[in-house]
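Going down the list, the sequences are from chains A and B. Residue numbers are given in the numbering used here: position 354 of the first sequence equals residue 390, and the series is strictly consecutive. Residue numbers are given in the numbering used here: position 188 of the second sequence equals residue 874, and the series is strictly consecutive.
Honestly, the hints are just simulated from the structure, not real lab data. Ideal placement from N, C-alpha and C gives every residue a C-beta, glycine not left out. Hints are supplied without guarantee of correctness; some may be wrong.
As the list claims (entries may be wrong) - Listed next, with one range per pair, are the computed distances between beta-carbon atoms:
| hint | chain 1 | residue 1 | chain 2 | residue 2 | range |
| --- | --- | --- | --- | --- | --- |
| 1 | A | R105 | B | S908 | 50 to 60 Å |
| 2 | B | E942 | A | G401 | 30 to 40 Å |
| 3 | B | S908 | A | G401 | 34 to 44 Å |
| 4 | B | N786 | A | D424 | 49 to 59 Å |
| 5 | B | I722 | A | K106 | 29 to 39 Å |
| 6 | B | E942 | A | V351 | 53 to 63 Å |
| 7 | A | S394 | B | F879 | 16 to 26 Å |
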Amino acid sequence: MSNIIEMKGICKSFGAVKALKDIDFAVRAGETMALVGENGAGKSTLMKVLTGVYAKDSGTILINGEEVRKINTVIAKNLGIAQVYQQFEMMDELSVTENICLGDKSFSKHGLVQFKTMMRQTQELLDHYHIPIDANAKVGTLSAAMKQFISIARVLYRKPRVIVFDEPTAVLSDSEVHILMDIIASLKKEKVTIIYISHRMDEIFQLSDRITVMRDGVVITVLENKNLVKDDLITHMLGKTLGAMYVTRGKIRSEQCVLEVEGLTNDVIKDVSFKLREGEILGIAGLVNSGRTETARAIMGVDKLKSGTIKINGVPVKIKNPTDAVRHGLFLAPEDRKAQAMVLCRPIRENISLSKLSSVTNRLGILNSKKEAETIDNLVRALKVKMDTIESPVQDLSGGNQQKIVIAKALTAQPNILIFDEPTQGIDVGARAEIYGLLEKLRADGKSIILISSETEEIQGTCDRTIVMRSGHVTGELNAEEMKDTKLMLQYMYKDV
Amino acid sequence: MGNKTLNASSGIGSHLKRYLKEQAIPVGVLLCMIVIGSLLTPKFLTPLNLQNLFIQQASNMVAALGMFVAILSGGIDLSIGSVMAVSSVFCASLLMMTNNILVAVLGALVICAVLGTVNGLIVAKLRVAPFIVTLGMMEFARGIAYWYTNSAPISWKNAECAGTFSFIGKGRLFGAIPTLSVIMIICIVIVWFIVKKTSLGRIIYAIGGNEEAVKLSGINVSKWKIAPYIFCAVCAGIAGILLTARLGVGAPTNGEDLANDCIAAVVVGGTSFTGGKGNISGVIIGVFILGIINNLLDLMNVSSYPQMMLKGTIIVAAVIFSTIKDKKS
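If we strip away everything but chain B, and leave its shape as in the complex, we get (with noise of 0.2 Å):
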């Protein structure tokens, strides 16, 4: 009895210190942000800035998690700032002509799950490279919601659940709370699910690392193949529900940079660009970090430029050290 309690918690310290050992960087540097920030204003550490900060990042972070499964799996979706305008406008479309969430929310994912299931049917089947695939696809997602919204924004707020939308948006739970950041956790709960716990997530991780060893194993990699582009598309589909909910109307224009954002917090949160490595936690870490450099600079007024500037500095800067590092172990 007691060696097995001996074997169970050197089990949880041996995990930790592989943990830090793999994720020492971003965990870092996310760490010496807090500092620095804590430092420079005093605005930074305050429980109302903390909650502003999970409000702006709950569409990025849901976004991210699905570029993070799709990097994984050692491909990429560039689409996904596209698929969130649409997301967005249809969504918001929806709520005024059905004045039912239910049939908004749903009617929105299933287009993005139809615009991920194209991607993915081509990557898999046709064996394009997902650069190009998505390249595409981030051209002809955007030309559906500039069309279908004549490029004007399509407000919901005269909409008669407009009340109930806005909760999602803006409402706190327990008066406390930020609804967003609620659903952004249960988000990050279900895809750490996913990749963890199921054989999706299993073949996912085997398909990035070593698509021939998977092959040979007996699973028929171009089905699973398309998973991961469903997905990602889902993942920007929620996050442009969230992004309308929160802003009050669906924009074409909504998710521009969403693409680079996302694939910067997945690169810097330590996930490997070819697949097969990396974690969840390395997202949040990643989206924080990037996302704190914005709070930041705002308490601080500076400028959106220098801020844009300071961005990519720190986004290459965290990759060196992690290849750096990869090359010494």
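Same shape as in the complex, but just chain A (with noise of 0.2 Å):
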């Protein structure tokens, strides 16, 4: 079998952010291929750089043994290469006919759309593939699920020649994946060729062809699927061991609960609970979607609950919004840093005195610039900000200094309890390892604190215990001793629920 897609010596940075590093990536035609690794291995952007979303830096493509110099989005749709997103925006107020159909000029005569016979065709379509949708059905009466068949259908109506699925299961159910397997059984018969992203094992075990290991933007390997054992496949999507950034871990100061929480439920995250410790740093491990953040929102107040107790030093609290969780000494680093962390065309002085404003201001509120730009000189400083003044905007920093901007802003609001979400997220090493001592010098202040991280490495190197979830359950607890096992590790972020 001939190769129908090639990719050789595929570089890709972002920034000082190597995603990509001289990847050889090939498929044949009519195989399916399963792509799998750790989140940030790379698996999304090579694809991004496959369909034309992101230009590649170096490195050459071939496909069906030719060489594409250019490749954008249109080329990649014209050459017969289409991907099924992970979340396709869809408009909720159109019918699925029109979502699916959408862009495509065939049905209009004269100006005018012949809804008929483009109705017919997609309910031809669905049925052809077994999916249970109604073509007339409105977009928006319909569950996430469906939905994602929709794009999944959008991608089929127009008959590529290569689709790649990118965690196509992540909101479906398991009957649901039966339909999805189905349909790719369907593709294979049909010789079309696929590429599968995934987190399920089961999944890649079922439908894979072959199957490439990606870690750290580099490909680990490419292994038949014969014979192959699910604890093999993951020693190969780990391999690595701790790296020399992570400093050494200091003492937890006491057994004391600091934060204790039990039964934590809303429409995400169901029955969580745990307990941290006095200086301790826990770990939340977990895919992405599984709900880790939601826990932290929940906890912060943000999102509502449905039922669950929250105790702080023991007293069980009520914490309605984000100004009380910050009154009872808490404080979120979150996720998503430019849309939820920080106010990006403020300077960096007004960033980080928002957490605490009353502590440079007067019983009037009149603020004291001069100590206010005093405290945060000596703030930044001692984070190692790289910056012009005090008074640049945070959008001008990059990524890890603008992450050291939300640790100072969290630390200007003296929290006795620290809630870190991805605090390394599209960080380069030298801007982590600094993280990482900031963590332990936090600690060794007498704080607790809770990070949140899809890096198994990353937990491992700097937890003193870790719970793991999986789709909105707590899946297991694991002590220091009990994380140093990797495939421990995996298996409760892997386990069905």
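The task is to assemble the complex, starting from two chains supplied on their own in separate frames and drawing on the hints.
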């Protein structure tokens, strides 16, 4: 079988971060290739280079043996390469048919749309792949899972030769996964080439002919899906031992519980309970969408709880909004730095002091500019923020330095309990090491920390204890000894609930 | 010691540099207008005309300061023209009834503050779009002004305290400086102090920049979001009182174009329409750019219709330049 896609020596960097390092990736015509690796391994980036969303920095792409020098989304589409996205934006007010056929001009006659023909053909397509959706239904009335099928149908409608599925089962329940498996089986019969990205091991074993394993922007190995054992695959996915960037760990200050949550439940998280001790760094591990961020948001009072209790220093507290949470000594450094943690257009100084304006104002709310500038100057100097002056807008800083500003802001609030949600996402190695150092320093000051991270290694390198989440549930708790066993951690992360 | 002074001077230098970088377009347009004005007619740069300019722009300036704060917070207030009319008629009427300037002024401002609070509460607590809320208030408050007066202007000339009150509108301090311009400058200083030197101002900027981040910082956003609307309505109230003092009557038709003029001035002055960015000097420049257009064309006896056309053109042109500049940087 010849290669329908061949990518050679692909490199792609975002600023200082090398997302793809000299990648070789080939897919044979008609095969199903699974692409696996931890979050941030570079799977999605590689696919975005293939579908023309990102321009590669270097390397060559051959489609059907011919080199494609320039690739953008339109060229990729014309070459028959299509991708089913994790979250495809839909027009809720329009029908299934209109969403699927959007952009196809073949149904227009003299500028008028032939809705009946369009509807009939769409229904035929849906029936052919046994997708249980009425072509006439309004998209807004359908569930997230059905919307996922519509975005798949949207791709199938254009009859591509290569289809990339990026985590298509993330929003699907078991019975719906079966529908998807059937679709893929029919596609295989029709000799369509499939690239399948997933975290679900069972699907990968069931579907794929071959498996490409990626880690840290590099292809580790390509495996034939014959006599393959789950554990071996996991070993390939992780491999590397703990790096030198983690600092020596301090000790937990006491066994006393500073935060205890019990049975936290809302639309996303189900019965989440855990304890945080004084001076402890507690990890929350899990895949993307496992409910980690939502747990943090629920504790902070951003999302409403249906049930559950939160105790701080043993006393039950009511947290209705972030203002209450901050008053009780909690502070969250959110996952999405740009959208949630900072006011990008305002200066560094204003961003940092926002978390505790009362520390730089008098009783009447009048700012003491001199005191503010001094305090913040010292703080950013201690954190080694690289910047022009503290008057520069935060948007001018690099990702790592922005994260330091978020940390500075959190420190200014003087909380007892800090929640860091993916503090090292999109940050280069040097800045990471500094951030890990800061976490240790905070612990030395008696703060208790919750660290949410997608990277197993980061959790292992920094945390004293970790809980693992999957689909909104806590699937396990591991102590420092057990955490060293990566396989055990992954078992919890992929545990079916 | 020497090192410190060096730092300070480079600090001021870099402040000025950053300021000019941000405000290049409005400053440039204002300077152009002044140059063009003085070339077109010798009457433009005379002390008398400049005094007139200040007197004419005083009430617009005060109202624009309120609009500036509302836009800075990421909102807008379309009702300021009607609120100004309410303030104007109640001020005149209270003068006639009580003969007490303090009662009249405070009474008018309290009524305005109440209207602003209603705006603010609906925007902040019920999360209705400020455009819609204040559009409704615009109609409602205009209705109050017409209903209360039976659509006839109220003259306060016969009130006993008329002499003192007219000093606000037409008097001159030390026989030279128009009282109105002094009040205008006091208002500018107060608003500058609030937005730059208080936690209220800091939070208003931040809410306009990214409400979500402010909320997660533990600040009660829905409480603070009320303030800009009260503030804006009180500014419109002060503007109404100044206008009443200058014109001699409280008319329910006052402030028909006020909201448009103020939005234009604020935006021409470089304040981001989505909030979070902008400074008070831009507002001052914006008000004077629009004021000078009117003033110049009046001096040259151009009728008011082409004046409107030119005004529209300059507003859009200034914002186009700013947009292009922002895209480049």
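Would you list, in rising numerical order, the hints stated earlier that this structure does not obey? 3, 5
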